[in-house]
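Once you've looked at the hints, dock chain B against the given chain A.
2 protein chains.
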Amino acid sequence: MAIKKIDPMAQLMPGTGDMSAEQFRALGYQYVDWVSHYLETVGEKPVLSQVKPGWVKSQLPSSPPQDPESLSQAIDDLDRIITPANTHWNHPGFFAYFSITGSTPGILGELVSAAYNVNGMLWKTSPACTELEEVVLDWLKQMLGLPRDWFGLVNDTASVASLCAIAAARESLDLKIREEGMAGRTDLPALCLYTSEHSHSSIEKGAIVLGIGQKNVRKIAVDAEFKMRADALESAILEDLAAGRRPFCVCATVGTTSTTSVDPVPAIADICERYHLWLHVDAAYAGSAAVLPEFRYILDGCDRADSFITNPHKWMFTPVDFSAFYTRHPEILRRAFTLVPEYLRTDQGEEVRDLMNYGVSMGRRFRALKFWFVVRAFGVAGIQARLREHIRLAKRLAGWIDAHPDFERLAPTPFSTVCFRAHPKGVDDESKLEALNEQLLERVNATGRAFLSHTKLGGRFTIRWAIGNLRTDEARVEETWKILEDSLQEIHQGRKV
Amino acid sequence: MAIKKIDPMAQLMPGTGDMSAEQFRALGYQYVDWVSHYLETVGEKPVLSQVKPGWVKSQLPSSPPQDPESLSQAIDDLDRIITPANTHWNHPGFFAYFSITGSTPGILGELVSAAYNVNGMLWKTSPACTELEEVVLDWLKQMLGLPRDWFGLVNDTASVASLCAIAAARESLDLKIREEGMAGRTDLPALCLYTSEHSHSSIEKGAIVLGIGQKNVRKIAVDAEFKMRADALESAILEDLAAGRRPFCVCATVGTTSTTSVDPVPAIADICERYHLWLHVDAAYAGSAAVLPEFRYILDGCDRADSFITNPHKWMFTPVDFSAFYTRHPEILRRAFTLVPEYLRTDQGEEVRDLMNYGVSMGRRFRALKFWFVVRAFGVAGIQARLREHIRLAKRLAGWIDAHPDFERLAPTPFSTVCFRAHPKGVDDESKLEALNEQLLERVNATGRAFLSHTKLGGRFTIRWAIGNLRTDEARVEETWKILEDSLQEIHQGRKV
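As they're listed, the protein sequences go chains A and B. When we follow the working numbering, the leftmost residue of the first sequence carries the number 172, and every step to the right adds one. When we follow the working numbering, the leftmost residue of the second sequence carries the number 172, and every step to the right adds one.
Chain A on its own, in the form it takes in the complex:
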């Protein structure tokens, strides 16, 4: 694309200033054009970056520039260095991990957020940041059918939000861990946390960081559909109690990372109530699906959770990062995290919430803006229509797999993520199947037209195909399926030669 050059030295005003308004507008239009062009053409680029390790570094100056450079020039570098070295998460053929979207309303929200550049640590440091966060998190509760009286705030990621939840669970024990710590005490039992063997690694990481220890994380077995077995959960709790350890927290998942399975939250909530354990629900991916009335049931029992997270930056078209965190015990969460030095004391007192007191980070970006823009620009109906379409596409794909003699599905497909593998007739050796599917995956990803990822299910190498990008349409799904079929064919023929 043609770029109007701006004199690099003229960009910056003398003295203490930044760009002039006129200069910013001219440059801003160029960048809007660049974004527009990028989004329009991203589907033609290789999804998975094909650069070698070290290539980006080799393209960039080893030292910072002494004098100002033109940001028009930087556009060329985006096209020449950054774009080819990106794996394109905003690409319609991105089917790896969980497929996400930085939608245009969300992009504009981030633009505004960067311009305001507030730190919403206290209510008074940006009443708009604090209150808009409260409003949009209340909207989200309504969209998903969550209890209206829950307290909510936004974290960057589910990893951090789950750590905060487990920290609150630990604080709820009233064992003076905040005051006295955990090391060197003879009055503390080992603390045990329960989660399924299919929960996200961030749960275990949270337990490591919080000093719970990996050996006190019980990875509860799953059933044939990869859902946590409530009976196994209860057995594990009883075993720990008998051994004098202290169960304190259960992390259930609505939409596990590998297969998007939904743990039996009502049965788990019963157990948590029976043994007085904190119930945390990680609905980072699948929570969004509850915006559909026909999927509302996936959150059954979640109203009994002590804490709950879902990530609009996964399947609700909001640019990373935006993880919604809810709890019905804000005072416990606050106790786990609050520290107000003199330099942050305010007059507002109990009248307002200072959100820095409810998590690790003191600094808080104005993240609510982008989600506000997304919900307004799509409307609830627009979000619903798009989620339904993703689920429909996944269902079609599952049908093709089921009907194909050389492919098989390896897990149910409750949402828009399909777990499967090639399994040609006569090939039953597991190590051969693993090698075959690894080769197949690599071949598909090497085309640049699609990017799929993998997992293991019951020891079997499994291809994961996650649908969730706004630009993914039926034609793209069909094309990728054709690539998979053809690639398998080619591998077969290669072998025969």
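For the record, the hints were derived by calculation from the structure and aren't laboratory data.
Given that identical chains are not distinguished, each listed pair holds provided it fits within a single copy or across any two copies.
Listed next, the in silico DSS-like pairs over lysine-lysine satisfying Cα-Cα at most 25 Å (straight line):
1. Lys312 with Lys228
2. Lys347 with Lys386
3. Lys216 with Lys653
4. Lys566 with Lys627
5. Lys566 with Lys653
6. Lys390 with Lys627
In this text, all values refer to a predicted model and were calculated from it rather than measured experimentally.
Showing chain B alone in chain A's frame:
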């Protein structure tokens, strides 16, 4: 400003799409115009928001819209609801806490980052995100004179980065805390962390989260210039050792929050080496000043630190959030945080760094872009010129205070933050002085022309005036000083009446 309306229903393409390129361009230009206008006029708005708690909520719909709304309409809401309810951190009269800037190059960087919307958790999920981060953090090392062989990565905030540092320090003890946790063990001593009574609250918060406990955080006394006393540090360590506790980490500060004092890092490093303690240096604010050769000395001894943080989002014109974290022990940091589930295994192995393994968050935004844009657009010389100007303005201000019979400085002014109070002749009662200065601060902030914050120094209520925004010029500083003088005068006259 005049806004061209776009048909709300036409904004969204039917089916699974987002906006068309043309629609995005039209809307994007409107938003660039809005940002440009905002930045041009922000100095005329009240710095500290004057809305009452609950006002923002009262202005917004209590439920999410069912149907799409126009994002042209949303611009009106920014002007009507969000802007008046914001405290304007990008305002030239923002002198509270630490004054920061979301500069225009940084804003454009965030725009591009949102458009790419990558998650740089693994090298392969965005080689550009991982490698550009490495490159710009290497540039920053050169700019500040830090050891080139340190490993670096970007965190959102210093709070999270310091938590990561303390977690690495804990892991370095080889006490199997990762594996076995800390509770219910009889083989662990209490772990003690040392930091000055003037260090940032995030250090103590990190210790709380990590299960160290508040009572094991030793707040070391400071000298008359608010610097940690190395002798007091060593005494505290010896006392803990004698009592059978285990000292493990010292957090020194280069630029404390209240007074920007610089702890004696060389002496502290000596002590850390003597007792084999992890030395973490929090240079979140003042680290940037080392970009000036004449201020390079503030980092003396920091080359001996085990971990080090500085925040370009504080005093290097980068929009929040961007906290640079360095350590010379990447393998220990990795051991504290790595967990690689099957679904995230890659073929690159040791050839690349997967940055999710070095911190709490698995998800990682493409933050390097905005800092890259800032350094390129300003150049090192441009950043130096602006920091020098801020320091010059603070020095002038300190001079006015020192020369005024009714004001006094309460701390040295090593950088661009001035601590002072009104102290009229004859008023020597501390509670009267506190009431007077609170009233003065409130009066100044109520003008809307400037926003200053406070702290306490040796029990004395202290007004903090931090200079750090790009738009702050000499005229603004003079005006604010005049407002202070006049306000003090008015308070006096009010009393006399």
